[in-house]
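There are 2 protein chains.
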Amino acid sequence: MSAHPPTAVGTARVIPLPSPFALEAGGALVGAKVALETYGELDSDRSNAILILTGLSASAHAAAHPGDPSPGWWEAMIGPGRALDTRRFFVICVNSLGSCFGSTGPASTDPATGQPYGTSFPELRIEDIARASQAAVDHLGIGTLAAVIGTSLGGMTSLAHVALFPGRARRLISISGALAATTGAIATRSLQREIVGSALRAGQGSEAVANAMKIARKIGVLSYIGGELLEKKFGRMQSEPFSGSGSGTDFEVEHWLDHLGDKFARSFDPWSYWQLSRAMDLFEFARFGDTLSHAARRVQVESALIIGVTQDLLFPALQQREIAETLAAADVTTQYVELSSPAGHDAFLTESGLFTPVMRHFLEGLDTPRPPRGHTDPLRPQA
Amino acid sequence: MSAHPPTAVGTARVIPLPSPFALEAGGALVGAKVALETYGELDSDRSNAILILTGLSASAHAAAHPGDPSPGWWEAMIGPGRALDTRRFFVICVNSLGSCFGSTGPASTDPATGQPYGTSFPELRIEDIARASQAAVDHLGIGTLAAVIGTSLGGMTSLAHVALFPGRARRLISISGALAATTGAIATRSLQREIVGSALRAGQGSEAVANAMKIARKIGVLSYIGGELLEKKFGRMQSEPFSGSGSGTDFEVEHWLDHLGDKFARSFDPWSYWQLSRAMDLFEFARFGDTLSHAARRVQVESALIIGVTQDLLFPALQQREIAETLAAADVTTQYVELSSPAGHDAFLTESGLFTPVMRHFLEGLDTPRPPRGHTDPLRPQA
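Here the protein sequences come in this chain order: A and B.
The first sequence begins at 1 in the working numbering and counts up by one.
The second sequence begins at 1 in the working numbering and counts up by one.
Next comes chain A alone, as it looks inside the complex:
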């Protein structure tokens, strides 16, 4: 697939949320909004919309469009002829509520005080991100989504979406998400929040907070990326003495991590990061019902595609299989695909060659008549 197809028709918009916007854990936001981008054109019966729910650090800029020709975070997947084919679909990518790229979050001004929310931003949950995203879909006058797609944190949000809004999406694609975080994922994210939260609460200067964000991001990156890929990319390569880090060594992998940490610290709001990270750890799909199977019974999509990556340690393939089995047991037509990539949790960002055929094949079925509820594809690993 060409790296630079014709850029899709697209726009960037900011959508006001109903005000006050009540939150799952209590409290409400007044005058809140979400930023989104769209690619392709909404058809006359408003039936071709796909909603993308993002990972923790992504903005709504998933693909280039005339108003912003810079490559988006899922550029290789969105556009004419791509997995999310903009000749056919109207693709909507929403910046999560609580994030810092145009949607209301801790860095936004609290209308009650005229100051940024910061630590006073109310407790955010995955459910709030799902509800805000659906409110944007409502605002666009779209009754039923052709599909809802989520990756990582967005995989959780997509599961919340189909449980909270039964019948509002025809299909679900959940990529490297979870019904609930593993203990190990909680431990590693908690540590990141501790580092950032402590620096912020101590009222440390912006340099100390930026350094905390940098360290936290490095821990995060090491939990996303597969060891196999690090080995292949960097091995034991060494480079120019690296005075900044204090590690006492000069391995290339350290430079690379430092660059990623720096970039993140300069672009992401620390409290947004903290809130979104905590929301992931507190998410439990089973809470949508009295039991996990009751919760799954709320889901009314025509079919679901669950994609996991064998080398993902943060959202292990075992968890993806659990999502698929839970949905299938609730009579949702479910397909489970396990991909192998040394990129680990980050595979969905970099392995478009693996994800494209799987997602395209799944979405092709959208034109066929709705199958009777209760038909279940076998759960089988692929590729």
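No wet-lab data here; the hints were simulated from the structure.
It should be emphasised that the depicted structure is a prediction, and the values quoted were computed from it without experimental measurement.
It is possible that part of the hints are untrue.
For identical chains, the list gives no copy identity; a pair is met inside one copy or between any two copies.
With a Cα cut of at most 25 angstroms, we get these calculated SDA-like pairs of lysine to any residue [to be verified]:
(1) Lys263 - Thr109
(2) Lys233 - Thr310
(3) Lys232 - Leu349
(4) Lys232 - Gln311
(5) Lys233 - Ala328
(6) Lys263 - Pro111
(7) Lys233 - Gln311
(8) Lys263 - Glu325
(9) Lys232 - Glu364
(10) Lys263 - Ala202
(11) Lys263 - Gln300
(12) Lys263 - Arg88
(13) Lys263 - Arg201
(14) Lys232 - Ser206
(15) Lys233 - Glu322
(16) Lys233 - Thr291
(17) Lys232 - Ala295
(18) Lys233 - Arg87
Let chain A serve as the given structure and place chain B on it in line with the hints.
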């Protein structure tokens, strides 16, 4: 096996090193020493000594003895009837040079200044730890060790030992060590050093340094322990609100990690930690020769046992197999055993039931005549 067998005869000693003691990367230590403990009795021909080389954080107190009846870090493996049977062997455990439990390290007084070395401690390498340990063995008048055994960092040190001192040990047991660290292990340890090193270099107060050590240790623990074990031990259990951490959540796993981090920060010298961590990342067995296979040709043990753990992410089983294959290719009689334990890298500390039969079986062969060099056991995973 009983948890409290009769305590072995044992002693704690401090051995002076030859002075000056030249270091691998340049420089020398004057008046340096290493702390060690011994268990069991040296036989009349001094042929039954086993040298244990430890992981990063361990002291020489591997087992209880009359002078210190508190349980040692390898208590379940050392004593009458245990894997390292003190009715038969004279077991020596050395605190690594550069550590802080009686051996000379950054927290020791520099005789040139009368002040602690701190940041001025010369660059430490794994080779130095091996040489200092062998100097202690020399001091005890032991010509040939019955075996040298190393775990984790000590696994690296044991490989350095058999390359530096050919013929001074009859057998080698390397557990979860490496010929050289993986890129991922370097990245995670570099990050720990950056956190500790930055706090120390900034001359931050002892509370800030203790906090840095705590964070670094938590990152370390998460790299040692298997996710499967965390899941089983803690799941999503929550506990009393946990005001200290700043993570915004109260999961049991966070309390547990915090306790471990605290304990380590209170007991381990920060510069010792930093130096030992860097030494691991800089170790390369291949440097003992022009090539890896030349280096392996230096090894003259009668036989080697290499043990790996399938769930170890920090020193993956793949690396253990590499050690075994490298030695076998150099005509060292080598056995490779891969154990499965959810404890991951920490398995050697907690899974005595798995390690005991494997090590006992291997050491039983010590009474048999030396087999001709060149005989190679098949490399096969076990258990």
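Structure-based check of all given hints:
1. In this assembly of identical chains, the alpha carbons of Lys263 and Thr109 lie at most 25 angstroms apart only when taken from the same copy (24 angstroms versus 41 angstroms across copies).
2. Both within a single protomer and between protomers do Lys233 and Thr310 lie at most 25 angstroms apart by alpha-carbon distance, with minima of 19 angstroms and 24 angstroms respectively.
3. For a Cα distance limit of 25 angstroms, the shortest separation of Lys232 from Leu349 inside one copy, 18 angstroms, qualifies, whereas the shortest one across copies, 31 angstroms, does not.
4. Within a single copy, Lys232 and Gln311 get their C-alpha atoms as close as 14 angstroms, and across copies as close as 21 angstroms, so both meet the 25 angstroms cut-off.
5. Taking the closest pair of Cα atoms, Lys233 and Ala328 never come within 25 angstroms of each other, the shortest separation being 39 angstroms inside a single copy and 29 angstroms across copies.
6. In this homomeric assembly, Lys263 and Pro111 never come within 25 angstroms of each other (Cα to Cα): the closest approach is 30 angstroms inside a single copy and 45 angstroms across copies.
7. When the C-alpha separation of Lys233 and Gln311 is checked against a cutoff of 25 angstroms, the pair qualifies both within a copy, at 16 angstroms, and between copies, at 23 angstroms.
8. For the homomeric pair Lys263 and Glu325, neither the shortest alpha-carbon distance inside one copy (38 angstroms) nor that between copies (42 angstroms) is at most 25 angstroms.
9. Taking identical chains as interchangeable, the C-alpha atoms of Lys232 and Glu364 are never at most 25 angstroms apart, the minima being 35 angstroms within one chain and 41 angstroms between chains.
10. In this assembly of identical chains, Lys263 and Ala202 lie within 25 angstroms of each other by CA distance both inside one copy and across copies; the values are 23 angstroms within and 23 angstroms between.
11. For a Cα distance limit of 25 angstroms, the shortest separation of Lys263 from Gln300 qualifies neither inside one copy, at 40 angstroms, nor across copies, at 50 angstroms.
12. For a Cα distance limit of 25 angstroms, the shortest separation of Lys263 from Arg88 qualifies neither inside one copy, at 35 angstroms, nor across copies, at 59 angstroms.
13. Taking CA atoms no more than 25 angstroms apart as the test, Lys263 paired with Arg201 passes in both settings, with 22 angstroms inside one copy and 24 angstroms between copies.
14. With identical chains, the CA atoms of Lys232 and Ser206 are never at most 25 angstroms apart, being 35 angstroms at best within one copy and 39 angstroms at best between copies.
15. When the C-alpha separation of Lys233 and Glu322 is checked against a cutoff of 25 angstroms, the pair qualifies only between copies, where the shortest distance is 20 angstroms, while the shortest distance within a copy is 32 angstroms.
16. Taking identical chains as interchangeable, the C-alpha atoms of Lys233 and Thr291 lie at most 25 angstroms apart only when they sit on different chains, with a minimum of 22 angstroms there against 44 angstroms within one chain.
17. Only between protomers do Lys232 and Ala295 lie at most 25 angstroms apart by alpha-carbon distance; the minimum there is 24 angstroms, versus 42 angstroms within a single protomer.
18. Proximity of Lys233 and Arg87 under a CA criterion of 25 angstroms is satisfied in neither setting, with 36 angstroms inside one chain copy and 50 angstroms between copies.
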